[in-house]
Amino acid sequence: MATEEKIRKPKIDPDWRKKEESFFEILKKYPTVSPFIITQIDVQRRGVHYTDAALARLDPAIHQITKPHFAVYEGRGIPTSLLLRDGTSIIVSETSTQTWRDPYLIDVVDGKTVLVDEDRIIDEVEYWEKPQFFDKTTSRGTPMKEVLDARPQRYSVSMSNYCHFWAVPGHGCKYCGIGAGGVRYKGKANERFNADDLRETMLELVKEKGRFVGVILTGGSIFSGNEPFDDELEGYIAALKVLGTVFETPRFPSQVNSTAFNRKQLERLYYETGLTSYTTDLEAFDERIYKWLCPGKAAYISYDEWKRRLYDAVEIFGKGQVNTGIVSGAELATPHGFTSEAEAIRVDLEEAEELASHGVGLKHDVWNVVPGSIFWNQNPPSLDYYVHITKGFYDILQKYRIPTYMDSYRKCGMHPNVNLDRI
Amino acid sequence: MSFQLSPEAIAAFRSPDSVKIIATVGKDGAPHAVPKGLITILDDGSVVVYELLETSQTQKNLVYSIWFHKTVAVTAVTPDHKSYQIKGVPQKAIIAGQLFLDAYDKVQKLLGEDVDLSALWLITPETEREQTFSTRQAYERAAHPYEIHIDHITKEEYK
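Chains as they are written, first to last, in our numbering: chain A, 1 to 423; chain B, 1001 to 1159.
With the rest of the complex left out, here is chain B (with noise of 0.2 Å):
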């Protein structure tokens, strides 16, 4: 895979402590972000997502984003609030064979017998950012120092 997560990123996708938030969009061009409980990286780097509702707006949404090559974006929120974002393409869905059923298993002792998996979404990242707000806010104000209200520069006398 060419591109390279940082290994920041990777940690907090991994972490079962961890947030992650999918957002998509459909064929009605809205936008659907849900919090998904079981997103992760896998070693080659790409990113997994577990669909476990067949019928779900985000499972019709990956379906639309492979077969017309729109992107997706996943977010991991760590518990010190550090929060990375990583923006792919859905790359395959896998429904069935082995690495399915294995999934399956998986989803079933994680989460209960109840639980059903629909597939399996590998999407290859395409970019990576840290969305940890101290983080955003130290890059934005760097790159875009007068796009701010003055009370921020304003000297402390004058307030």
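Next up, chain A with everything else stripped away, as it sits in the complex (with noise of 0.2 Å):
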């Protein structure tokens, strides 16, 4: 097996592994909890390194390619995520995590690339596969592939680059790398989504049978207009629109990740559109961390406002085609985060079950300490906080009988607790 000695090193812990139960330890801890979630959750967590032999596996002619933030790879780019046996992806380069503890490599043994951990062989791994029109580009000259971006089975639509709340100082999400790097977007022409080249990008990605399930579009908030995101609705109706157009049903699989707009503002979502699912995200499971995470958001929708708008998206949209998620462990930072994994998965539990009683899908993203975010510096919490968070939302949703389908291991990939949802 390689040995790799140019991992980063921003700040790892040289005790973390005594400080915290072991993947192995975690496996056994909870029997009916699928280890491959298991394995993606700490993928998740800790992030991985490629050896150069791993990295000698990848195709530019085949797999989609990420450049990473890391110096380490020289220059080189990495696969832009993972794919399980079982069909789960670990989202986990695009991001290029961070955490105090050492990552996961990726290396070739016996022919096969696989994932380690101490010298020991995790699972087999594979690259995703880039679609085809990925190699090409729109009338206007644009590559396609910064029009539509791919997982290994749906596609999304960036809607706007630029996301309003940090031209405010301090009312970025503390999380989010994303938008902290967006206002370089402002005012420029691919500060959001452009209707003809998504026409025409289209038009090609329905060509490749078989290669999708369903599209998610998603971007920074966008608070101007006659009232409050009425201009990032507008821009979501549009591009639906124009979406739409290829496909021979009124709807088709989709999901909108948005701002919370309220009921006006849903209901020509819905009514205008093909659209059949959506989401918004609270972030956190407590007001007091929501105003301390997202102070932008928060500024403009109180916590409870926020929950009423989700309410009335299941009212129109229907149970199981909503649903909404929290930035799991980043309820932990420092330093106004809980003090202890038992009190945040208490309160994260309690407000999931009163969300799920009025019809609200769930779901987590496992944090991922992004440079450039605000948070930077942090640590996300143990493995085994994240497994309770995952079998806890899951139970929940069964428990309220609240289908996962919108937010599948297929249409997104990212959600453990909804990965853990097919069988």
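Fair warning: there could be bad hints in the mix.
List of simulated lysine-lysine pairs, DSBU-like, C-alpha gap at most 35 Å [claimed, not checked]: (1) B:1159 <-> A:207; (2) B:1070 <-> A:399; (3) A:130 <-> B:1106; (4) A:391 <-> B:1106; (5) A:241 <-> B:1155; (6) A:207 <-> B:1109; (7) A:29 <-> B:1060; (8) B:1106 <-> A:29; (9) A:19 <-> A:174; (10) B:1060 <-> A:209; (11) B:1036 <-> A:112; (12) B:1070 <-> A:130; (13) A:112 <-> B:1155; (14) A:391 <-> B:1060; (15) B:1036 <-> A:399; (16) A:145 <-> B:1109; (17) A:319 <-> B:1036; (18) A:209 <-> B:1155.
Just some of the chain B residues that point at chain A, by a computed CB distance under 8 Å [to be verified]: (19) 1027; (20) 1066; (21) 1093; (22) 1096; (23) 1100; (24) 1101.
Which residues of chain A face chain B? A partial, calculated answer using Cβ under 10 Å [claimed, not checked]: (25) 35; (26) 37; (27) 62; (28) 83; (29) 86; (30) 87; (31) 120; (32) 126; (33) 208; (34) 209; (35) 210; (36) 351; (37) 408; (38) 409.
What the hints contain is simulated information worked out from the structure, not anything from laboratory work. Note that beta-carbon positions come from the ideal geometry of N, C-alpha and C, so glycine has one too.
Reassemble the complex: the two chains are provided individually, in unrelated frames, and hints are given to aid placement.
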């Protein structure tokens, strides 16, 4: 097995393994939770590093490639992400996770690309393959891969690269590494999606039979308009109308992940487009933490109002077609987060139950501590915390019989508790 | 692959004229056996199951099996009533990439463009048994000669 001397070391705690239960101890502790999902969580939590042998397997003609932040790769591209044997995606490299823990290694052993920790093979992995339209450009000269992004079975539209919350000092979401860098798009031609580029790219995408099962549209918050966020809403409606032109059915598998729209805006979104599902993320399931993590959101929409809008969305889109998520782990950030994982879990699950009792689906992202975010130097919680939250959300969704297909391993892949709902 | 399937079993599973059945178990422990049109054997000996429905019970059970290392069984019955059963553990669900796209194309050519493909399941065989009745009867009678009703061994003049 190759040793890798060039692992990025922002600030790894040499004793971190002594302070928490290991991956294998957690597997035994949660025998009803899929080992594949626990693997996904831990790799997303700790990140990965690719050996030279692993990178040699990357074929630009076949695979999706991302340029990483880390100088250790000397300008080389790395796999955009990974697939496990059961079809679970590990969404890991696009945000270049940094933690105080050692990352996993992706290496080549006996001819197989494998996930390795402390010289022990965890499982075989594959790199994502890119769609054919990635190599094409629109008539305006825009690379189509900049118009629509792709995961193994879904495509996505980045609606707005510039999140308005970041225009106000202190209003950006503290865990977000996207919004922080988005200000550079303000006023540029690529600040928002282009309808002509989208139409042309969509026409190429649908030629690839068997490649995609759904789309997600998301982007930074836009608080301008007659009512706050009306301009953001108009963007979604326009884009959905473009996408809808290629389908013979009035509705098509789709999800908008936006700022929390009010009832009137939600009704327009549903009735004027072919949209099938809606997400608006509370980001934290506690009002105090919400105000601290997301001061921009809180300045425009109170915590209780955000929840009320979710309940409205369930009435409009239907149970199982609306969900909300948290950046799990960020509620434990210092200095104002919860001081114990047990308290965070208790509060998260209590609020999750409240939301689910109103028909709202639940999901959580594993907090990626990313360069460029305000929280860049923090450390996510233990694997035990994450598996507890995963199982807790899953159990609540089962209790309230809330379907999860809208955000499944095929249509997203990011959310461990949803990925667990395949059996 | 360490376990070698018999040429007869391979031929039975590869024949389009055979009836093929997959039996799985899910998280509730209930068995689920259904006919599947598209089950075959690859050159490396893996069983490949084309699961056409993402939301089917078989799909859920195959996921359960790969997650928790549970055994599934596939059976092929030939037109002359010979049958072969293979048991194994799902090794991989191919849900994307060129292999999947090729399989998707194959399914639509075989079954029509209205048919979808959810996953291509690769199952590593661990055991094989011929289940043809005459073969099983001969085997069981040799192995357990006294586990039959006595009329089978009663002299003809006393029946």
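Against the structure, the hints:
| no. | hint | result |
| --- | --- | --- |
| 1 | B:1159 <-> A:207 | 74 Å, violated |
| 2 | B:1070 <-> A:399 | 26 Å, holds |
| 3 | A:130 <-> B:1106 | 21 Å, holds |
| 4 | A:391 <-> B:1106 | 38 Å, violated |
| 5 | A:241 <-> B:1155 | 84 Å, violated |
| 6 | A:207 <-> B:1109 | 16 Å, holds |
| 7 | A:29 <-> B:1060 | 23 Å, holds |
| 8 | B:1106 <-> A:29 | 43 Å, violated |
| 9 | A:19 <-> A:174 | 26 Å, holds |
| 10 | B:1060 <-> A:209 | 24 Å, holds |
| 11 | B:1036 <-> A:112 | 31 Å, holds |
| 12 | B:1070 <-> A:130 | 32 Å, holds |
| 13 | A:112 <-> B:1155 | 64 Å, violated |
| 14 | A:391 <-> B:1060 | 18 Å, holds |
| 15 | B:1036 <-> A:399 | 32 Å, holds |
| 16 | A:145 <-> B:1109 | 30 Å, holds |
| 17 | A:319 <-> B:1036 | 33 Å, holds |
| 18 | A:209 <-> B:1155 | 68 Å, violated |
| 19 | 1027 | 5 Å, holds |
| 20 | 1066 | 5 Å, holds |
| 21 | 1093 | 4 Å, holds |
| 22 | 1096 | 4 Å, holds |
| 23 | 1100 | 7 Å, holds |
| 24 | 1101 | 5 Å, holds |
| 25 | 35 | 7 Å, holds |
| 26 | 37 | 8 Å, holds |
| 27 | 62 | 8 Å, holds |
| 28 | 83 | 7 Å, holds |
| 29 | 86 | 5 Å, holds |
| 30 | 87 | 4 Å, holds |
| 31 | 120 | 18 Å, violated |
| 32 | 126 | 7 Å, holds |
| 33 | 208 | 8 Å, holds |
| 34 | 209 | 6 Å, holds |
| 35 | 210 | 3 Å, holds |
| 36 | 351 | 27 Å, violated |
| 37 | 408 | 8 Å, holds |
| 38 | 409 | 8 Å, holds |
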